[in-house]
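Listed below, chain by chain, are the residues.
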Amino acid sequence: MRQSKLALSAGYAALFLISALFIIPFVWLLRSSLMDLSQIFTMPPEWIPRPFHWDNFHRALTTLPFGTFFTNTFIIVVGVLIGTVVTSSIAAFGFARIRWKGRDAIFGILMSGMMLPAAVTLIPSFLGWKTLGFYDTYYPLIVPAYFGGGIFNIFLLRQFYLTIPRDFDEAAFVDGANYFQIYGRIIMPLSRSVLIVVALFSFLGTWNDFMGPLIYLKSDRLFTLALGLQMFQGTYTAQWDLLMAASAAVVLPCVVVFLIGQRYFLEGITLTGLKG
Amino acid sequence: MRKGLLYGLLFTSPAILGFIIFTLGPMAASLGLSLTDYNVFKAHTAFVGFDNYSRLFSGEDDLFYKSLGITFYFVLLRVPAVIIISFVVALLLNMNVKGRAVFRTIIYLPSIVPAVASAMIWMWLLNPDLGLINSALRWLHLPTSNWLYSESSVIPSVVLTTLWGIGGTVIIFLAGLSGIPKQYYEAIEVDGGGWYSKLRHITIPMVTPTIFFNTIMAIIGSFQVFNEAYILTQGGPNNRSLFYVFYLWRTAFQDTEMGYASALAWVLFIIILFFTFIVFKTSKSWVHYEGGERA
Numbered sequence: 127m128r129q130s131k132l133a134l135s136a137g138y139a140a141l142f143l144i145s146a147l148f149i150i151p152f153v154w155l156l157r158s159s160l161m162d163l164s165q166i167f168t169m170p171p172e173w174i175p176r177p178f179h180w181d182n183f184h185r186a187l188t189t190l191p192f193g194t195f196f197t198n199t200f201i202i203v204v205g206v207l208i209g210t211v212v213t214s215s216i217a218a219f220g221f222a223r224i225r226w227k228g229r230d231a232i233f234g235i236l237m238s239g240m241m242l243p244a245a246v247t248l249i250p251s252f253l254g255w256k257t258l259g260f261y262d263t264y265y266p267l268i269v270p271a272y273f274g275g276g277i278f279n280i281f282l283l284r285q286f287y288l289t290i291p292r293d294f295d296e297a298a299f300v301d302g303a304n305y306f307q308i309y310g311r312i313i314m315p316l317s318r319s320v321l322i323v324v325a326l327f328s329f330l331g332t333w334n335d336f337m338g339p340l341i342y343l344k345s346d347r348l349f350t351l352a353l354g355l356q357m358f359q360g361t362y363t364a365q366w367d368l369l370m371a372a373s374a375a376v377v378l379p380c381v382v383v384f385l386i387g388q389r390y391f392l393e394g395i396t397l398t399g400l401k402g
Numbered sequence: 157m158r159k160g161l162l163y164g165l166l167f168t169s170p171a172i173l174g175f176i177i178f179t180l181g182p183m184a185a186s187l188g189l190s191l192t193d194y195n196v197f198k199a200h201t202a203f204v205g206f207d208n209y210s211r212l213f214s215g216e217d218d219l220f221y222k223s224l225g226i227t228f229y230f231v232l233l234r235v236p237a238v239i240i241i242s243f244v245v246a247l248l249l250n251m252n253v254k255g256r257a258v259f260r261t262i263i264y265l266p267s268i269v270p271a272v273a274s275a276m277i278w279m280w281l282l283n284p285d286l287g288l289i290n291s292a293l294r295w296l297h298l299p300t301s302n303w304l305y306s307e308s309s310v311i312p313s314v315v316l317t318t319l320w321g322i323g324g325t326v327i328i329f330l331a332g333l334s335g336i337p338k339q340y341y342e343a344i345e346v347d348g349g350g351w352y353s354k355l356r357h358i359t360i361p362m363v364t365p366t367i368f369f370n371t372i373m374a375i376i377g378s379f380q381v382f383n384e385a386y387i388l389t390q391g392g393p394n395n396r397s398l399f400y401v402f403y404l405w406r407t408a409f410q411d412t413e414m415g416y417a418s419a420l421a422w423v424l425f426i427i428i429l430f431f432t433f434i435v436f437k438t439s440k441s442w443v444h445y446e447g448g449e450r451a
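Chains A and B, in that order, give the protein sequences.
Just so we're aligned, residue 127 is where the first sequence starts under my numbering, counting upward by one.
Just so we're aligned, residue 157 is where the second sequence starts under my numbering, counting upward by one.
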């Protein structure tokens with residue numbers, strides 16, 4: 127596709143501006159996390175810490191057991207991720223590539239479940255898990271992912287599966303393939319990109335989940351990073367240096383995971399499968 | 157026949173089972189609860205019929221109408237902003253620019269920031285006295301704002317903080333854009349069409365399924381905003397950011413009035429259902445599927 131020089135330059139200018147706006151909060155976070163309070167309060171704001179207060183991180187992370195919070199978050203994330211990727215792709219296949227009576231009606235009902243505010247199921251789910259004795263455990267946070275992995279993901283995958291030409295399936299049927307083979311050998315390889323997107327969303331959704339842990343976890347030793355940071359904020363209200371250091375420490379691991387995973391992620395979104 | 161029904165049910169069974177256990181069951185229970193005066197700290201629970209609902213709409217609970225209005229205002233501001241900005245950013249990223257991957261990473265990066273950390277960063281950026289944004293406005297000799305601390309600006313401020321996290325929506329748009337076959341654009345070029353014809357006749361029609369998806373998700377998500385209310389504002393100042401779900405959470409888990417809170421939840425459900433239904437109804441006239449699903 128050709129693009130005029132002018133359009134390209136305007137595009138660059140816009141991208142630089144937007145990128146700057148998106149990145150400044152990170153810079154502000156980092157610079158605040160490395161300053162002492164007196165420099166933070168200087169007006170007009172300064173950008174370079176003098177000196178660099180690396181000890182902010184040590185002070186912030188030892189006031190609360192952030193190591194435990196990290197491990198807890200990791201356990202929940204891995205548990206949810208596996209369940210989501212496996213079961214949502216299977217379900218989406220059933221809704222997009224197999225024709226059966228009542229399919230669209232059932233999908234419609236499941237979709238209405240997506241519109242169902244989490245708040246509707248929240249109270250009875252809470253009471254249910256509590257009655258079963260699983261309040262203050264990770265079960266309420268992990269187990270549901272193994273049952274379809276969320277309608278959001280099924281919807282996203284189904285949308286994608288619908289764009290794959292049906293001729294592929296027809297040809298496979300002619301060659302004697304069954305649905306499992308079509309799922310495993312045609313749809314799965316073509317949808318690797320979307321599956322990675324689903325996996326990343328699932329990872330981030332779980333990592334960022336605040337309401338779930340807030341409601342189901344009571345003991346500090348089970349807390350996730352999100353809850354831990356919120357607890358920290360409640361205790362150290364005006365200590366912007368420590369708050370920013372703790373926030374930066376919570377942000378850093380997911381930035382690292384994202385940067386490691388993004389090669390696959392970016393490959394994934396450019397390979398749409400339609401060309402295959 | 158390929159035993160479509162058998163295999164269809166087999167493949168979708170985890171999702172259907174999950175729906176029954178984690179959605180339908182709790183949903184029915186919630187409806188039941190909404191007809192009672194269930195309160196964790198009360199010894200007896202009585203069936204009260206539609207009392208909770210009449211209490212909601214009677215105006216006796218003025219916080220109900222207040223939180224409803226605030227949430228509508230938020231949705232009305234946020235949904236168009238998210239869709240338009242994400243689409244424009246995705247279009248820019250889809251150009252043949254050098255360093256695309258870097259731009260894309262920068263724009264996506266904020267959406268991986270945990271909500272609590274993002275809230276901390278924005279509280280600090282929007283701090284009226286010491287925050288970066290007011291400092292920058294003063295430097296430019298522009299009027300400053302109290303942002304999260306003023307009744308008139310708190311909702312737009314919350315919208316602003318959520319726009320930092322549009323990366324996910326941008327990426328979905330980008331996936332939609334990169335799925336458009338290049339030949340289509342070449343056909344327009346052969347006909348002598350410029351960027352506008354390409355946008356109007358190829359890009360927009362081809363990404364309508366993505367616009368549809370993103371709009372639905374933005375509506376559903378915006379109605380249910382909770383984290384921002386809980387962490388950024390605690391509903392303040394003066395209940396001016398008392399988002400609906402935050403009010404519901406407060407009623408259920410602080411006041412422990414779970415019966416009444418269940419009624420609140422059902423009203424929200426009906427509202428979201430209504431708006432999603434409207435988008436679905438109109439979608440036939442503007443959403444274009446290339447795969448040509450022949451159900």
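A portion of the hints provided could be inaccurate.
Below, a list of computed lysine-lysine pairs in the DSS-like style, where the Cα atoms sit at most 25 angstroms apart [claimed, not checked]:
1. A:K131 to B:K354
2. A:K227 to B:K437
3. A:K227 to B:K159
4. A:K131 to B:K254
It should be emphasised that the hints constitute simulated quantities derived from the structure, not laboratory data.
Outcome of the hint check:
no., hint, verdict
1, A:K131 to B:K354, "holds (17 angstroms)"
2, A:K227 to B:K437, "holds (22 angstroms)"
3, A:K227 to B:K159, "holds (11 angstroms)"
4, A:K131 to B:K254, "holds (13 angstroms)"
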